[in-house]
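Visitor: For the protein sequence lines, the chains are A and B, in the order given. Residue 330 in the numbering used here sits at position 330 of the first sequence, with consecutive numbering throughout. Basically the numbering used here = 1-based index in the second sequence + 1000.
No lab work stands behind these hints, which were simulated from the structure alone. Heads up, a few of these hints could be off.
[To be verified] Label-pair restraints from in silico Cβ distances:
{"hint": "1", "chain 1": "A", "residue 1": "PRO266", "chain 2": "B", "residue 2": "GLY1407", "range": "47 to 53 angstroms"}
{"hint": "2", "chain 1": "B", "residue 1": "THR1441", "chain 2": "A", "residue 2": "ALA413", "range": "51 to 57 angstroms"}
{"hint": "3", "chain 1": "A", "residue 1": "GLN346", "chain 2": "B", "residue 2": "THR1441", "range": "41 to 47 angstroms"}
{"hint": "4", "chain 1": "A", "residue 1": "SER3", "chain 2": "B", "residue 2": "ASP1228", "range": "53 to 59 angstroms"}
{"hint": "5", "chain 1": "A", "residue 1": "GLY526", "chain 2": "B", "residue 2": "LYS1291", "range": "54 to 60 angstroms"}
{"hint": "6", "chain 1": "A", "residue 1": "GLU484", "chain 2": "B", "residue 2": "ALA1126", "range": "26 to 32 angstroms"}
{"hint": "7", "chain 1": "A", "residue 1": "SER3", "chain 2": "B", "residue 2": "LEU1117", "range": "35 to 41 angstroms"}
{"hint": "8", "chain 1": "A", "residue 1": "GLY501", "chain 2": "B", "residue 2": "GLY1407", "range": "36 to 42 angstroms"}
{"hint": "9", "chain 1": "A", "residue 1": "GLY118", "chain 2": "B", "residue 2": "ALA1126", "range": "41 to 47 angstroms"}
{"hint": "10", "chain 1": "B", "residue 1": "VAL1073", "chain 2": "A", "residue 2": "ALA413", "range": "45 to 51 angstroms"}
{"hint": "11", "chain 1": "B", "residue 1": "GLY1211", "chain 2": "A", "residue 2": "ALA311", "range": "41 to 47 angstroms"}
[As the list claims (entries may be wrong)] A few chain A residues that don't get close to chain B, going by computed Cβ distances all over 12 angstroms:
{"hint": "12", "residue": "ASP141"}
{"hint": "13", "residue": "ARG221"}
{"hint": "14", "residue": "VAL305"}
{"hint": "15", "residue": "GLU310"}
{"hint": "16", "residue": "ARG323"}
{"hint": "17", "residue": "GLU351"}
{"hint": "18", "residue": "ARG385"}
{"hint": "19", "residue": "LYS411"}
{"hint": "20", "residue": "LYS521"}
{"hint": "21", "residue": "SER541"}
Beta carbons: idealized from backbone N, C-alpha and C, even for Gly.
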Amino acid sequence: MSSLSATLQDIFNEPGCAKNANKSDVERKKGCTKQPQPGAAAGGCAFDGAKIALQPFTDVAHLIHGPIACEGNSWDNRGAASSGASIWRTSFTTDMTETDVVFGGEKRLYNAIKEIIGKYKPAAVFVYQTCVPAMIGDDIDIVCKAASRKFRKPVIPINAPGFVGSKNLGNKLAGEALLEHVIGTEEPDYTTPYDINMIGEYNLSGELWQIKPLLDELGIRILSCISGDGRYHEVASSHRARAAMLVCSKSMINVARRMEERYCIPFFEGSFYGIQDSSASLREIAQLLVRRGAPEELIGRTEAVIAREEARAWAAIRQYKPRFAGKRALLITGGVKSWSVVAALQEAGLELVGTSVKKSTEEDKERIKELMGLDAHMIEDISAREMYKMLKDARADIMLSGGKSQFVALKAAMPWLDINQERSHAYLGYVGIVKLVEEIDKALFNPIWEQLRQPAPWDTVCKNTHSDPMGQAAESASHPTPAERARRSKRICFCKRVDLGTLEDAIRSHGLTTVREIRQKTNASGGCGACKSRIRHILASSRESSAPAVLDAAE
Amino acid sequence: MATVTMSKKACAVNPLKMSQPIGGAFAFMGLRGAMPILHGSQGCTSFGLTLFVRHFREPVPLQTTAMSEVATVLGGYDNVEQAILNIYNRNKPEIIGICSTGVTETNGEDVDAFIKLIREKHPQLADFPLVYVSTPDFKDAFQDGWEKTVARLVEVLVDVPPAEAERDPARVNVLPGCHLTPGDLDELRTILEDFGLTPSFLPDLAGSLDGHIPDEFTQTTIGGVGVDEIATMGRSSWTIAIGAQMRQAAEAMHSKTGVPFRLFERMCGLMPNDEFLAFLSEISGQPVPSKYRRQRGQLADAMLDAHFHIGGRKLAIGAEPDLLFDLSNMLHDMGAHVSAAVTTTHSPVLERIKTNEVVIGDLEDLEELAKRRGCDLLITHSHGRQAAGRLNIPFHRAGFPVFDRIGAGHQVSVGYRGTRDLIFNIANLVITDREVNHQPTPDSWRPSNLASRSRRIANATERSVA
Chain A
1 MSSLSATLQD
11 IFNEPGCAKN
21 ANKSDVERKK
31 GCTKQPQPGA
41 AAGGCAFDGA
51 KIALQPFTDV
61 AHLIHGPIAC
71 EGNSWDNRGA
81 ASSGASIWRT
91 SFTTDMTETD
101 VVFGGEKRLY
111 NAIKEIIGKY
121 KPAAVFVYQT
131 CVPAMIGDDI
141 DIVCKAASRK
151 FRKPVIPINA
161 PGFVGSKNLG
171 NKLAGEALLE
181 HVIGTEEPDY
191 TTPYDINMIG
201 EYNLSGELWQ
211 IKPLLDELGI
221 RILSCISGDG
231 RYHEVASSHR
241 ARAAMLVCSK
251 SMINVARRME
261 ERYCIPFFEG
271 SFYGIQDSSA
281 SLREIAQLLV
291 RRGAPEELIG
301 RTEAVIAREE
311 ARAWAAIRQY
321 KPRFAGKRAL
331 LITGGVKSWS
341 VVAALQEAGL
351 ELVGTSVKKS
361 TEEDKERIKE
371 LMGLDAHMIE
381 DISAREMYKM
391 LKDARADIML
401 SGGKSQFVAL
411 KAAMPWLDIN
421 QERSHAYLGY
431 VGIVKLVEEI
441 DKALFNPIWE
451 QLRQPAPWDT
461 VCKNTHSDPM
471 GQAAESASHP
481 TPAERARRSK
491 RICFCKRVDL
501 GTLEDAIRSH
511 GLTTVREIRQ
521 KTNASGGCGA
531 CKSRIRHILA
541 SSRESSAPAV
551 LDAAE
Chain B
1001 MATVTMSKKA
1011 CAVNPLKMSQ
1021 PIGGAFAFMG
1031 LRGAMPILHG
1041 SQGCTSFGLT
1051 LFVRHFREPV
1061 PLQTTAMSEV
1071 ATVLGGYDNV
1081 EQAILNIYNR
1091 NKPEIIGICS
1101 TGVTETNGED
1111 VDAFIKLIRE
1121 KHPQLADFPL
1131 VYVSTPDFKD
1141 AFQDGWEKTV
1151 ARLVEVLVDV
1161 PPAEAERDPA
1171 RVNVLPGCHL
1181 TPGDLDELRT
1191 ILEDFGLTPS
1201 FLPDLAGSLD
1211 GHIPDEFTQT
1221 TIGGVGVDEI
1231 ATMGRSSWTI
1241 AIGAQMRQAA
1251 EAMHSKTGVP
1261 FRLFERMCGL
1271 MPNDEFLAFL
1281 SEISGQPVPS
1291 KYRRQRGQLA
1301 DAMLDAHFHI
1311 GGRKLAIGAE
1321 PDLLFDLSNM
1331 LHDMGAHVSA
1341 AVTTTHSPVL
1351 ERIKTNEVVI
1361 GDLEDLEELA
1371 KRRGCDLLIT
1381 HSHGRQAAGR
1391 LNIPFHRAGF
1401 PVFDRIGAGH
1411 QVSVGYRGTR
1421 DLIFNIANLV
1431 ITDREVNHQP
1441 TPDSWRPSNL
1451 ASRSRRIANA
1461 TERSVA
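Can you make the complete structure from the sequences, with help from the hints?
Guide: Written out as structure tokens, the structure reads:
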């Protein structure tokens, strides 16, 4: 594993990464990510990251060398789209057994490669190392080399066993494998002065195809996309591109930078999230190509397309602006670069009350400050409980995040939209931003929210006495402490923040009987008035339970 | 009698199987205030978590000891200790369950010894429920992980009742297999309660993963059976085990507490439910409520209406052993031929499946068999969707995971009512398929087409067992 640790050190030394460049030598040795905390960690492993980065290569067979957990629990779970081959969605694993663990799994791996090439004839086989074979010393590099020679087919080892680090590290290790074994090994059928590489774009939900028509119109050819809707031959010959765009934040910066170094392919970091970013990216592509010798007129044509598309998108979004006035969004993202989404949402008139910056660089944070103002709520690392509280307290009207935190919002009966890898809609470019705004509108104004925030009419007060027949009711009677406190702290009026205990005390001590009297004493129902029916129920049930003397006095 | 064969391939293609540790963690999810941990690298948990979340569309508690490469070399004691303390302090759980993985089993870590040390070192954990199950990834499958974990829960958490203690005649324990959904458990609960019985489910996924919205956000499970309730299961008068996988847990319960058990291998179909209700009537001393007499009639009628569509169908089914046994038998009882059966792991029920051969293999095996034997009905979990597309035959999703359709947790197949609805669903898939793919054309009955048809029919009759 010495070569793997050397590769890891290379990645930590990545000069193209601003975050790394600012670290001291000692810090850099420790690596990119904080050691995950046992019992309080979330997120995938390096193998997960490597597979995410490479699986969108559609004509490649992806073979996972390990026990069933690594592939059996995770296959066919990403929404990347293919315009042709489907072999990438077929799952291959050596499904190592106890015998393999004892005697070594190399032979099984070799036979597996043989079976795959015989049956499925893929353009190449990518072999992914996992923890267990790494522990027992299976050398996948040697097996791949032997199989490649024997079957005369590229068989590429991807050395990113899960326990070496995080998902992000796995992305980079995948990039290293491409640099070492794939890129520059074949030649393109032809080249044009308009050839570019897209690096770090995974074509989730087919989003690449929201951009491609514009590039096609400008005559710009995606020579290779790493790795969305990718083909082995394209990436193998991607070293002949004139320029490159690095799409997904820092996940594959090592690929972009090393290709610049090795093949003089200049790159820029951009995004197609939001109108301004899309325009900036198109401009940058055109300029880089012209600098590399493409005809000057490309810039003019690009500007014309930008002007047309911007006008269209603005017109479409403008319709939503009045509907979004005063609506607040909370943005919790992982891989998607926060600032570019921030800009996009502001274009639609949403107010951002907070955004996560867990994976952002200092430079990103500066940009967020520029965009959102100095008081922007930048969230380093938010716990699910805090997120839930923010939503419950109505400090935000909608949450945009990845799939894993969706239930925090949904269980708080708050609109939520998926903007991460598992999303089922594509949000790229000028058409994509309009789609995003449309989806936000659908989520915000769906009539279900209002219904779901209403408690059932029969149990506003006596909910706890019904809900748990196994004894909570008995408990709350005998020890009035936690259960009773929980019952009393139930929020009845959300606008004025009045809880059940306050109302009951007010009713008892002042003998209140109408909603109006309650509003005068406690302020409850002084806002939207939606809680009136709840208060009426409380009044009714307190009449039933209170002593007749009090009742008489009240009437 | 079916012969059980193992796939001989070096490479599993489109796996049917999922790993044992997440089956174990799944069992812990049916306990109230639980936090399951996988003792392995972060990815082990992350993949499992994503799978559960996509199936149930619910928040799912599942943590990790986050073993790094270095920790793997040095041993995982510190990681287990930190994980337990972090969860104990932050999430205030009522129980922590730990399942091992391939990484830690390759090292041969003695987690039971770790736990003993941790309890000594941290007195606040001395009596806290910490349950460890050994579940290496490179052995067995999802169902085995569940089986071992439930048996272990019985061994560790159920109290031995004092000798003079009386049993509660109305109380019954239910040990459901992992093939039952939260919807199934709720249906069983209703049936048992209608006989005046009070059931304790172990585990009770219906309490935690049924989709209800909790008042407070918690990181642990939001419901399920409580540790206190499990402790008293020895006072029940009967244990009902569902699925052959639960025999081990039922026997553990019996040998620890003396509670007799009855194992129901099937819960789907007319006869199995007749048997079940007769048993409930017997142990409760109550006649079968009229509601179930009506439901039985409705199921009978559903069978009459559906046998036109299901009868003669050649079924290709891929599922874990107990689900495979239950569903394939029910469809066999409806006149379908079980032509291709693939499963994940060994089980005593496999040879009693009504077919010639059961393959322990993957979805590639199932797809090939289905193609070769001309199957025209496919049942497996969502990973069968690509095969279904290529085979172009009706596809019913059953088992775990179902991630590309919603409501998986509420699919009911137990009881008369559950069987009735399942039969309707499958028959409707067949009807849709006929409308879409098999409308008669002027060439449908030409001799050349007929020849290939009759060859297929001959094959099917030869292969299916009456």
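Visitor: Regarding the assertion that ARG385 of chain A does not contact chain B, is the least Cβ-Cβ distance greater than 12 angstroms?
Guide: Answer for ARG385 of chain A: violated, closest chain B Cβ roughly 6 angstroms.
Visitor: Per the stated criterion, does the least C-beta distance between LYS411 of chain A and chain B lie above 12 angstroms, as a non-interface residue requires?
Guide: With a cut-off of 12 angstroms, LYS411 of chain A comes too close to chain B, as the shortest Cβ separation is near 5 angstroms.
Visitor: ASP141 of chain A clear of chain B by more than 12 angstroms, beta carbon to beta carbon?
Guide: Given a closest Cβ separation of 17 angstroms, the condition holds.
Visitor: Between GLY501 of chain A and GLY1407 of chain B, does the C-beta distance stay in 36 to 42 angstroms?
Guide: At 38 angstroms between Cβs, range holds.
Visitor: Do the beta carbons of SER3 of chain A and LEU1117 of chain B sit within 35 to 41 angstroms of each other?
Guide: Cβ of SER3 of chain A to Cβ of LEU1117 of chain B: about 37 angstroms, so the range 35 to 41 angstroms holds.
Visitor: Assuming the hint says 41 to 47 angstroms, is it satisfied by the Cβ distance from GLN346 of chain A to THR1441 of chain B or not?
Guide: 58 angstroms, violated
Visitor: A range of 51 to 57 angstroms was offered for this pair. Does it hold for the Cβ distance of THR1441 of chain B and ALA413 of chain A?
Guide: 52 angstroms, holds
Visitor: Is the nearest CB of chain B more than 12 angstroms from the CB of ARG221 of chain A?
Guide: 31 angstroms, holds
Visitor: Do the beta carbons of PRO266 of chain A and GLY1407 of chain B sit within 47 to 53 angstroms of each other?
Guide: 51 angstroms, holds
Visitor: Would you assess whether VAL305 of chain A, listed as outside the interface, keeps its beta-carbon beyond 12 angstroms of every beta-carbon in chain B?
Guide: 37 angstroms, holds
Visitor: Given the range 45 to 51 angstroms, decide if the beta-carbon distance of VAL1073 of chain B to ALA413 of chain A lies inside it.
Guide: With Cβ atoms ~47 angstroms apart, the hint holds.
Visitor: Do the Cβ positions of SER3 of chain A and ASP1228 of chain B conform to the proposed distance bound of 53 to 59 angstroms?
Guide: Distance hint for SER3 of chain A, ASP1228 of chain B holds at roughly 54 angstroms.
Comparing the model with each earlier hint shows violations of hints 3, 5, 9, 18 and 19; every other hint is respected.
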